[in-house]
Amino acid sequence: MPKSTTHWALTLVALGSLQASAIEIEEGKLSLNGFASWAYGTSDNNDFHIAQHSGHFDSGEFGLALTDRLSDRAVVAAQLRFAAEDGGLFLDWAFGEWRFSDPIRLRIGVIKHPFGIFGEVANIGTLRPFFLFPSGAYGLTDVSGSGVQGASIGGTLPSAGGWEMSYDLYGGALELRVQDVLDKVVDPAALRPGGTLPIETEKTKYIVGTRLVIATPVEGLEARLSGYGSPIRQTEPERLVVGPSLQYTGERFSARAEYFFAYEANYHRAHTAYLEAAYFLTPHFQVGGRAEIYRLIFLQKPVDSPLFEHREIAATFNYWFDPNLVAKLSFHAVDGNRFAQPILIDDAILNGTLKRRTLASILGMQFSF
Amino acid sequence: MIGLQLIATLLLAGATPANAAPFYVVVNEANSISSLSYDELSDFFLKKSSRWNDGGLVEPVDQRESTPVREIFTRNVHRKSAAAVRAFWQLRIFSGRDIPPPEKTSDAEVIAYVRNNPNAIGYVSAAVSMAGVKVVAVHP
Numbered sequence: 022m023p024k025s026t027t028h029w030a031l032t033l034v035a036l037g038s039l040q041a042s043a044i045e046i047e048e049g050k051l052s053l054n055g056f057a058s059w060a061y062g063t064s065d066n067n068d069f070h071i072a073q074h075s076g077h078f079d080s081g082e083f084g085l086a087l088t089d090r091l092s093d094r095a096v097v098a099a100q101l102r103f104a105a106e107d108g109g110l111f112l113d114w115a116f117g118e119w120r121f122s123d124p125i126r127l128r129i130g131v132i133k134h135p136f137g138i139f140g141e142v143a144n145i146g147t148l149r150p151f152f153l154f155p156s157g158a159y160g161l162t163d164v165s166g167s168g169v170q171g172a173s174i175g176g177t178l179p180s181a182g183g184w185e186m187s188y189d190l191y192g193g194a195l196e197l198r199v200q201d202v203l204d205k206v207v208d209p210a211a212l213r214p215g216g217t218l219p220i221e222t223e224k225t226k227y228i229v230g231t232r233l234v235i236a237t238p239v240e241g242l243e244a245r246l247s248g249y250g251s252p253i254r255q256t257e258p259e260r261l262v263v264g265p266s267l268q269y270t271g272e273r274f275s276a277r278a279e280y281f282f283a284y285e286a287n288y289h290r291a292h293t294a295y296l297e298a299a300y301f302l303t304p305h306f307q308v309g310g311r312a313e314i315y316r317l318i319f320l321q322k323p324v325d326s327p328l329f330e331h332r333e334i335a336a337t338f339n340y341w342f343d344p345n346l347v348a349k350l351s352f353h354a355v356d357g358n359r360f361a362q363p364i365l366i367d368d369a370i371l372n373g374t375l376k377r378r379t380l381a382s383i384l385g386m387q388f389s390f
Numbered sequence: 039m040i041g042l043q044l045i046a047t048l049l050l051a052g053a054t055p056a057n058a059a060p061f062y063v064v065v066n067e068a069n070s071i072s073s074l075s076y077d078e079l080s081d082f083f084l085k086k087s088s089r090w091n092d093g094g095l096v097e098p099v100d101q102r103e104s105t106p107v108r109e110i111f112t113r114n115v116h117r118k119s120a121a122a123v124r125a126f127w128q129l130r131i132f133s134g135r136d137i138p139p140p141e142k143t144s145d146a147e148v149i150a151y152v153r154n155n156p157n158a159i160g161y162v163s164a165a166v167s168m169a170g171v172k173v174v175a176v177h178p
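Those protein sequences? They're chains A and B, same order as listed.
Heads up: the first sequence begins at 22 in my numbering, then just goes up one per residue.
Heads up: the second sequence begins at 39 in my numbering, then just goes up one per residue.
The set of hints was computed from the structure by calculation and includes no laboratory data.
The beta carbon of each residue, even a glycine, is placed where N, CA and C say it ideally should be.
Hints may be right or wrong, so weigh each one.
Subject to a maximum C-alpha distance of 30 Å in a straight line, what follows is the list of computed DSS-like cross-link-like pairs (lysine-lysine) [unchecked claim]:
(1) B/K172 with A/K50
(2) B/K85 with B/K118
(3) A/K376 with B/K172
(4) B/K172 with B/K86
Chain B residues, not near chain A, derived (Cβ > 10 Å throughout) [stated by the list, open to error]:
(5) S73
(6) Y76
(7) S87
(8) S119
(9) A125
(10) V173
(11) H177
Please put together the full structure from these sequences, using the hints given.
Right, here's the structure in full:
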């Protein structure tokens, strides 16, 4: 076992034995919270996220969020995340907030992308049943961003009759972490022996976006509408991403469904959707299932490739030691290569040995405090 | 002494409406508020509403999640399970939106916090010494 893996495993065990609660200083004016995850993943074929054909142990990450209330109206917050495998230390968000009123809060800085259900909390495993988030919406695509550098206005409007609405309006530059499979398909001349599919960080400038969240009188049921685009000044091709989300969280049963449409002028469009449900059989033992689909379409000419498709059925079996500490065992049956590929993908394409189907399993632990 | 406590308890019980909640909501003695609905209470404790009528910042103080009164308060006022409220705060914390109210381990600590903070609001399970705080009538 590599040293880093041992370190992560020991850290998780040690932290897991602690009381899971935030650290409060000055009567709650300063708060320190954290989260972490680690998992082992394996697959029978392609690499699917941390489930790799050769077996994978090095997926640990740890983050700390700090929030300080400077005054009645001023708040500053930052979150740092360390993920050795992804490249080290990340500044997830760091912003200052001025609270004009409950419906109007202004933020300036680096803010998490207010998008869909998990856009802002994709790294917090204790907020979802599966170890992995849905790939099409929150994975390495140009749908959900990792952060917005700019400003936002948001807040909660007064509730009435059990209905409640909150909103975010934001603008700036959106950072996206993507794996661009299009070139592998439409530009075969670029393929070379030993070639891989690197993770790239892209920045889309001058985007404007919004997210509306409507809580219904049915306890736990809420709907969301998210979208952003680049309508003001295009330094890059015009982009638009939009989609609805529906979520129900009850005491034992929870369910989510989301659909997103992404479009980049003269380049591609994509559709992605998933449905997942989970149920607590006992206060500790939870089972869940998810179906997901993703489809990429190249706009310049009709091209078909398994690299443009993803269809997945997954099941998870979770044991919640505590609401903030969970062990998860999940199985994923994947058809398509949009998110499941061999490491040496160019070789597989050139040799015609790319396999569409992948079975992956992941055993891991996630916690937050 | 026991007699005085009993009298105080009865007086406090009389101060709450007929459909009184199974807990006492307390604010600082200087606060002019006299009654609150469950919805208003919920908005204060979930920080969806953050200002008193005079513009002061509402400073809610919670009880530890393991206490029975927290469970009763959560069920009655938020109409949610403890798990749902926990998930609500996780979402708020890790999206950088807000942090939950400070938690106290006993009624006496809640009373002391409210006594020392003019804008504070808390809840307690029993009629402990209420010096420096005021019990607010609550209604569904």
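Out of the numbered hints, which ones does the structure contradict? 3, 7, 8 and 9
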